[in-house]
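J.: For reference, the chains in residue letters:
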Amino acid sequence: MRHIHWERIVSILLLSPSVIAVAIFVYGFIGFTGFASLTKWNQLVPNFTLVGLDNYRSLFANPRFQIDLRNTVVFTLLFLILCLAIGFLLAVLLDQRIRGEGIFRSIYLFPMAISFIVTGVVWRWLLNPGTVEGGSTGVNLLFENLGLGFLKWGWFTDPNVLYIRPESGIGQLLQRIGLQMFTRPTFGISVAIISVVLAATWQMSGYTMALYLAGLRSIPDELREAARVDGASEFQVLQHIIVPLLRPITLSAVIILGHISLKIYDLVVAMTGPGIGFSTDVPAYFMWETTFEGNRFARGASIATILLVMVAVLIVPYLVSSTRQEAEI
Amino acid sequence: MSRRTIICLFLVLVMLLSLGTIAVSAQAGLTYTIKLGDNLWTLANKYLGSGTAWPAIMATTNQKNIEDPTFAYITNADLIHPGWKLAIPSAEEAEAFLATYDPGKPEMLFGARAKGQLVVGSWWTAGGEAEGLAGMFRIYKEKYPDVEIVNATVAGGAGSVFKGILKTRLIGGDPPDTFQLHAGLEVEGYSPEQYLQPLDDLYAAEGLEEVFPADLLTLLKYKDHYWGVPVNIHRSNVLWYNKTLFDQAGVTPPTSFDEFFAVCDALKAKGIAPYIMGTSGGWEGPHVFEDVLAGTCGAETYRGLWTGQVPWTDACVATALENFKKMVSFANADHPALDWAAAAQYIVDGKGAMFIMGDWTDGYFTSKAFTDYGWTSPPGTKGIFVALSDSFALTAQAPNMENSRNWLAVCGSLEGQEAFNPQKGSICARTDCDPQLFNAYLQSAMQDWAKDAIVPSVMHGAAAFESWVSDFKDAMALFITTGDVAGTQAVLQQACVDAGICQ
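Going line by line, the protein sequences match chains A and B. For what it's worth, numbering that gives the first Met the number 0 labels the leading residue of the first sequence as 0, then goes sequentially. For what it's worth, numbering that gives the first Met the number 0 labels the leading residue of the second sequence as 0, then goes sequentially.
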């Protein structure tokens, strides 16, 4: 008994520095940020007079923040769908025991080793549309030389927002059933952000592929064989055996990619900035500007808190379920 | 692992404690007067336990000599005279010195002459700006060779990155001594009563009120105090044009908005991109708009908009927004992909004819060895000088107060400004700089500065509080795409109300 007792104390002693550091520098500061978001601290000198939810109210009324939220949702959805689809497709193709698999795997995985800043700069050059008078550049020039000139467009410089027009058929239907809010540009897709999605997908789809590939390799061949013996076609094997067995992998991928995309900042900074009419602006960028250019520290803290809540909504259920699984094991 | 680990931890603890005790019991240094027959080796052997420790005696003595000349100054270790006063370090000091001593660096034997530091914060990291700053550093070094200058620059985003870091340092109580700040209401963003020191006495001592123009002095005063010493003046409203392209289209520089749009049409008809913008940084579009606003409303009304005498619902604001909208319609389609320098490059490459940007563009053209350009004031701003100025402020908690005040004196001095401005591509804030030092553009700017109506720039911190500028910027960034004149006008009015200026 004494022996165990000592071991306990040593382990507590050894763990306590990191526990204390995390408690202060992570959870303490989260708490402080939450507190700051409820105060009047909107100039350089800290002012901790509590004002309740005023900062949040003014934030949600701010047109720039509304655009930012729209962009975040659009970006996250497109990015997740593209990454999962491309990653899954590549993994299935690589799983066919082809020759030179290692080379392909490395090629697809490599972009992940690059920082978002580098990706941003490269894609900014690639997708720079050029001018009408000066001629095309980058990908547009490629299209032009391939005789695909009709594919040219403004990429991240395109200011358009796709949304359901109130005057259209669906728009009128929505208005009739009291959902006219969905006919506003606030619920649209900013075209420019598709370019950012492309860059992010290029970087992260290889990673998704690696996740799926690991999952595919862990499915025993016997299962597939059994299905084939029962007369299932290859597609049916995929549909009824492989996809259901890969569900945990998909969940992990969604969590990992989802929290990256909700917090995205560096890629946008390097590639487009806030963009024309905030078409590629994201909450994190607005947070930086309003805090350090506008001196609105409390408003910046509110944005940080909202970001935290969004990520928590995504991650906490996953953490809970995975700890439960561990407990079962 | 259990008990043995504990014992190990205990032993380490004991070791650390005993080290501390030894350090406390260390004997202090002493002074020694040389007698006939002494040499450094024997003295080192006697006091420090080893003749090889002699460099520690030489270095300590020379260091003492800087503060107290009664100590000897040893230039040659083999040549010492009876009667010289030496400083013998304690054994620990000697050990510490010898641990870092490098015989290849004999200067270590002569003591460090540095009397403290001067930490200068700025966002001038490259090109003419950095050279200009280095020029001022040189002058400071000549006057105060004992001070080590720490050039705490941070690159990026026209100062926005630097400002973020600076603000964190100010709040955290760890500021640089002095830092770059736009003259004007930007100072409000730094809560000067709390974080800065008023410089009224420095202005009096250096006679700065006599050498800066009255308009600039008004701009510099906030809450009845001076908070910064201006080093330069930039002009925000300049229209740059490519002379060859103007000749090709047979047009002359426009002076009014009607002429401007006529010139645009004429250039476009020739297949020339008439008007170039770069808006990727977010501030460039609003920067052009401030010049449009001054050009449409005139100097008096423009000033009134920022002081609350003219409401933003005024008709001239609507006209200015319409003018700006029409200008943007002539702009290059890829303007969201370009920053101001990339846009200026279109003028250099002959890919575009006109460009409105501050006069740092002149420095850019010079750096590209491009000479085929002309300049005029943007539409409607003839006789109006939209000005901005860089100044240096003194932080309230400056660790090196005396050095910083000396630095600010250099910033305000004639030689400081003459060293800085020709390199930076700006004109002196002082009125007595020698025009011969400056190039053709800057000489013309100096003449305009002397006779034009001077109004403050918004986007460069002179006209409004930072929070207001931030709202103004966001409103204009949205306007470029929406083109919603009435809505933007309402948002601009609201921003003025939020700033506490308009009712």
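One or more of the hints may lead you astray.
[Claimed, not checked] Heads up, incomplete: computed chain B residues facing chain A, CB under 10 angstroms, no partners named:
1. 33
2. 170
3. 189
4. 190
5. 280
6. 365
7. 467
8. 478
9. 479
No lab work stands behind these hints: they were computed from the structure. These numbers come from a predicted model, not from an experiment. C-beta atoms are modelled at their ideal positions from N, C-alpha and C, and glycine is treated no differently.
J.: Give a verdict on every hint.
T.: Against the structure, the hints come out as follows:
1. 33: At about 53 angstroms, which exceeds the 10 angstroms cut-off, the nearest Cβ of chain A leaves the hint on residue 33 of chain B violated.
2. 170: Nearest chain A Cβ about 7 angstroms off; hint holds.
3. 189: 6 angstroms, holds
4. 190: 4 angstroms, holds
5. 280: Given a least distance of 7 angstroms, the restraint on residue 280 of chain B holds.
6. 365: For residue 365 of chain B, the interface hint is violated, since the closest Cβ of chain A sits about 23 angstroms away, which is over 10 angstroms.
7. 467: 9 angstroms, holds
8. 478: 8 angstroms, holds
9. 479: Holds. Min distance 6 angstroms.
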